[in-house]
Amino acid sequence: MLKIKNLHANVEGKEILKGINLEIKAGEVHAIMGPNGSGKSTLASVIAGKEEYEQTEGEIILENEEISELEADERARKGVFLSFQYPVEIPGVSVTNFIKTAINETRKAQGLEEMPAKDMLKKIKEKSELLEIKRGFLSRSLNEGFSGGEKKRNEIFQMAMLEPKFAMLDETDSGLDIDALRIVSNGVNKLKTKDNAVMVITHYQRLLNYIVPDFVHVLMDGKIVKSGGKELAHKLEEHGYDWIKEEMKMA
Amino acid sequence: MNELRFMDLKDKLISSFYAYEDHLQVTDQVHDVKVQAIKDFETLGFPKKKEEAWKYTSLNKLLKQDYNLFAQVEDALDYKEVKKYFIHEIDTYTIVFVDGVYASQLSSTTHDKIDACLMSSAMEKEKYADLLEKYFNKIAPKSGLNALNTAFARQGAFINIPKNTVADKPIQIINFSTGKENNLMIQPRNLIVVGENAQVEIIERHQSLTENPVFTNSVTEIFVDKRGMLDFYKIQNDTHHASLIDNTFIKQMAETHCSVHTFSLGGALTRNNLEFYQKGEHSNSILKGVTLIEGKQHVDHNTLVHHTQPNCESHQDYKGIYDEKSVGVFNGKVLVEKIAQKINAYQSNNNILAHDDATINSKPQLEIFADDVACSHGCTIGQLDEEALFYLKSRGIPAKEARALLTYAFANNVLESVKIGAIKKRINKLIANKLNVNLGFDL
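Going down the list, the protein sequences come from chains P and F.
Okay, so the first sequence: first residue is 1 according to our numbering, each after it adds one.
Okay, so the second sequence: first residue is 1 according to our numbering, each after it adds one.
Take the hints with a grain of salt, since some may be wrong.
Label-pair restraints from in silico Cβ distances [what the hints assert, rightly or not]:
1) F:88 with P:113: 24 to 30 Å
2) P:134 with F:168: 38 to 44 Å
3) P:91 with F:363: 22 to 28 Å
4) F:365 with P:91: 26 to 32 Å
5) F:425 with P:132: 31 to 37 Å
6) F:182 with P:69: 48 to 54 Å
7) P:69 with F:380: 31 to 37 Å
8) P:134 with F:169: 37 to 43 Å
9) F:79 with P:122: 38 to 44 Å
10) P:130 with F:79: 49 to 55 Å
11) F:11 with P:91: 48 to 54 Å
12) P:130 with F:210: 52 to 58 Å
13) P:144 with F:29: 56 to 62 Å
Heads up, simulated EDC-like pairs for lysine to aspartate or glutamate below, C-alpha to C-alpha not over 20 Å straight-line [said to hold, decoys possible]:
14) F:400 with P:51
15) F:127 with F:28
16) F:400 with P:52
17) F:429 with P:114
18) F:400 with P:71
19) F:10 with F:51
20) F:400 with P:74
21) P:245 with P:221
22) F:400 with P:114
23) F:39 with F:28
24) F:400 with P:69
25) P:249 with P:221
26) F:363 with F:51
27) P:165 with P:65
28) F:226 with F:281
None of these hints come from the bench; they were simulated from the model.
Every residue, glycine too, gets a C-beta built ideally from N, C-alpha and C.
Full structure from sequences and hints, please.
In structure tokens, the structure reads:
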């Protein structure tokens, strides 16, 4: 599904990603963990195509296509999705109109007609139920005045509507209480199929109890320094990151 | 006019006035008003750039042209060709002028419960003499442009909503220019009287049908009596060769509610002189605008709210989006007299510069002589939010559409307060056309 080879990226002239190699196959869930400032969110933004983040080296290959040169919207239409850590508030654009535009622009790019209003409504209803979103919520301005939990639910709602091939969840668990965490993870799990893949970025093991990863990678100082199965996340939860640093020194 | 090429426009206008004075088909009274007006114009002249209110808008280019003052319209316009300029989705009264001359076949006037007709016919009728005496040329302050209009105006809309009457339909005033006369100068003159406890909605549009230059100097006087309500919508989406100076003056009595929405989406030079005079307690004035221009277009909103009575409100909210080399001006003056306590005056002007070459001059002017008032003003100038653009793009929305969506969102609260759905839809469509997008929904 997604192959990343020797990815280097700068933010405001400073190198943040220093050679990342990662392969995520269809049907897999990968977790990226690591201390603050290790480059986790930068990795997600670079894959999503954020312009301010300059990819200086390496390749990002989505289903055999190198996408490094594509604009963010083109990547999204090819199936890349990023659930933002801090979704932007956009007063004046309702959740419904936003998602309709996103879906129809994607269809337009694929040479398809706009989705018929009836189908759209049906899909919105179905997916909002999955995330236990109330009707009134959908006519509110995008993220404006939303609580932390509402913002994250809205992100996963968009993911459900857009059905991406490769979804990145950036700290989706931050700011969530236990009920919201359950709803959001349940949503993600229901959307998971053998044909798509998910990359979960998190600080804590907590989310990984709900969204169980096949692989866990530890990112430190812009590099993946350790990879393992889900048990690695438990170890990190218990012992922190220091033991990895020790291991690195010894090596 | 061509033989007068070497005279300056002011002198030309004055000499043409005297040349046509004897052909004026008006009452002696109106004749006297016009003669006085041309004398005033002679003294006051056109506004100069050194005047504070004209600091950022120069008329020089316009005043260097030769103008035809008297259009001869030969054939009538076909409704099918101009239908798109009407808000035709709803039933309205229409008062339509072509090159400044009344176009009866495009109009639908009434004298039934309300009067929606022509200034010229109102001036001929004895029953309107009192109203005209009271309000015609009484609300507009003395200025060179107003005087010029008073001297030359031959036609315009006359709207009279009697006491306790709600106009059953909105009224559209449309001024077309055909370009058959090159460099036409049009000076429409409207008078609107909203009686006690009466209500009306008005839509006004100036539309040039060709690329030939046209210069409109329009004056609209509005009187709203106690508890009256007026909602006025101005659609300014003209060609790059049409210039407009819109002078609108509203006198509000107690407990009145008046709103003016100005949508400035196109024109060579557009200057809006919009002035509200509150003359009774508990009156409310609302001024809102969306400006969305590009190329070398120039739009100037020069507003005044004069609070002369206590316990009143005014709300101003102007949004501007300027692309390419366009220039915007917002000069909003709020004047609160000493007696006008407990005033709540709010003013906001937010701008987006979509291009490095675009300019906005924003100048709030608050002159407050009362001590117990709540007056606020705010002005912002910025760009579209890059984080928001990335967010929209990350959902598959292309850059152009993402920019359009954010532009809509920016203008949305002005559009939201439009009470007529068909106007809201039309403005949405005009904006979408301008931004070259089809978002498939109305905000």
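We went through each hint and held it up to the structure:
The hinted window of 24 to 30 Å between residue 88 of chain F and residue 113 of chain P holds, with their beta carbons roughly 28 Å apart. Under the hint 38 to 44 Å, the C-beta atoms of residue 134 of chain P and residue 168 of chain F, about 40 Å apart, fit the expected range. Taking the beta carbon of each, residue 91 of chain P and residue 363 of chain F are about 26 Å apart, inside 22 to 28 Å as hinted. Restraint check, residue 365 of chain F to residue 91 of chain P: a C-beta distance of roughly 28 Å satisfies the suggested window 26 to 32 Å.
Our hint of 31 to 37 Å for residue 425 of chain F and residue 132 of chain P holds, since their Cβ atoms are close to 34 Å apart. Restraint check, residue 182 of chain F to residue 69 of chain P: a C-beta distance of roughly 52 Å satisfies the suggested window 48 to 54 Å. For the hinted restraint 31 to 37 Å between residue 69 of chain P and residue 380 of chain F, the CB-CB distance of approximately 35 Å keeps it satisfied. Judged by the Cβ atoms, the range 37 to 43 Å given for residue 134 of chain P and residue 169 of chain F holds: they are separated by roughly 39 Å.
The beta-carbon spacing between residue 79 of chain F and residue 122 of chain P, approximately 42 Å, falls within the hinted interval of 38 to 44 Å. The hinted window of 49 to 55 Å between residue 130 of chain P and residue 79 of chain F holds, with their beta carbons roughly 52 Å apart. Distance hint check for residue 11 of chain F and residue 91 of chain P: the Cβ-Cβ separation is about 53 Å, which falls inside the suggested range of 48 to 54 Å. At roughly 57 Å, the beta-carbon separation of residue 130 of chain P and residue 210 of chain F lies within the given 52 to 58 Å, and the hint holds.
About 58 Å separates the C-beta atoms of residue 144 of chain P and residue 29 of chain F, a value consistent with the hinted range of 56 to 62 Å. Between residue 400 of chain F and residue 51 of chain P the CA atoms are separated by roughly 15 Å; this keeps the pair inside 20 Å, and the hint holds. Pair hint residue 127 of chain F plus residue 28 of chain F holds up; C-alpha atoms about 17 Å apart against a cutoff of 20 Å. For the hint linking residue 400 of chain F to residue 52 of chain P, the alpha-carbon distance of about 18 Å falls within 20 Å, and the restraint holds.
Only pairs whose Cα atoms come within 20 Å are accepted, and residue 429 of chain F paired with residue 114 of chain P is accepted, the gap being roughly 18 Å. With a C-alpha separation of about 12 Å, the suggested pair residue 400 of chain F and residue 71 of chain P falls inside the 20 Å cut-off, and the hint holds. Taking the CA atoms of residue 10 of chain F and residue 51 of chain F, the gap is near 18 Å; set against the 20 Å cutoff, the hint holds. A C-alpha spacing of about 13 Å is found between residue 400 of chain F and residue 74 of chain P, which places the hinted pair at or below 20 Å, so the restraint holds.
A hinted pair counts as satisfied when its Cα atoms are at most 20 Å apart, and residue 245 of chain P with residue 221 of chain P qualifies at roughly 11 Å. Under the criterion of a C-alpha separation no larger than 20 Å, the hint pairing residue 400 of chain F with residue 114 of chain P is consistent with the structure, at around 18 Å. Restraint check: the Cα-Cα separation between residue 39 of chain F and residue 28 of chain F comes to about 17 Å, which is no more than 20 Å; the hinted pair holds. At most 20 Å may separate the alpha-carbon atoms for a hinted pair to count; residue 400 of chain F and residue 69 of chain P meet this at roughly 18 Å.
Under the criterion of a C-alpha separation no larger than 20 Å, the hint pairing residue 249 of chain P with residue 221 of chain P is consistent with the structure, at around 14 Å. For the suggested pair residue 363 of chain F and residue 51 of chain F, the alpha carbons sit about 14 Å apart, so the restraint of at most 20 Å is met. For the hint pairing residue 165 of chain P with residue 65 of chain P, the CA-to-CA distance comes to about 13 Å; that is within 20 Å, so the pair holds. For the hint pairing residue 226 of chain F with residue 281 of chain F, the CA-to-CA distance comes to about 10 Å; that is within 20 Å, so the pair holds.
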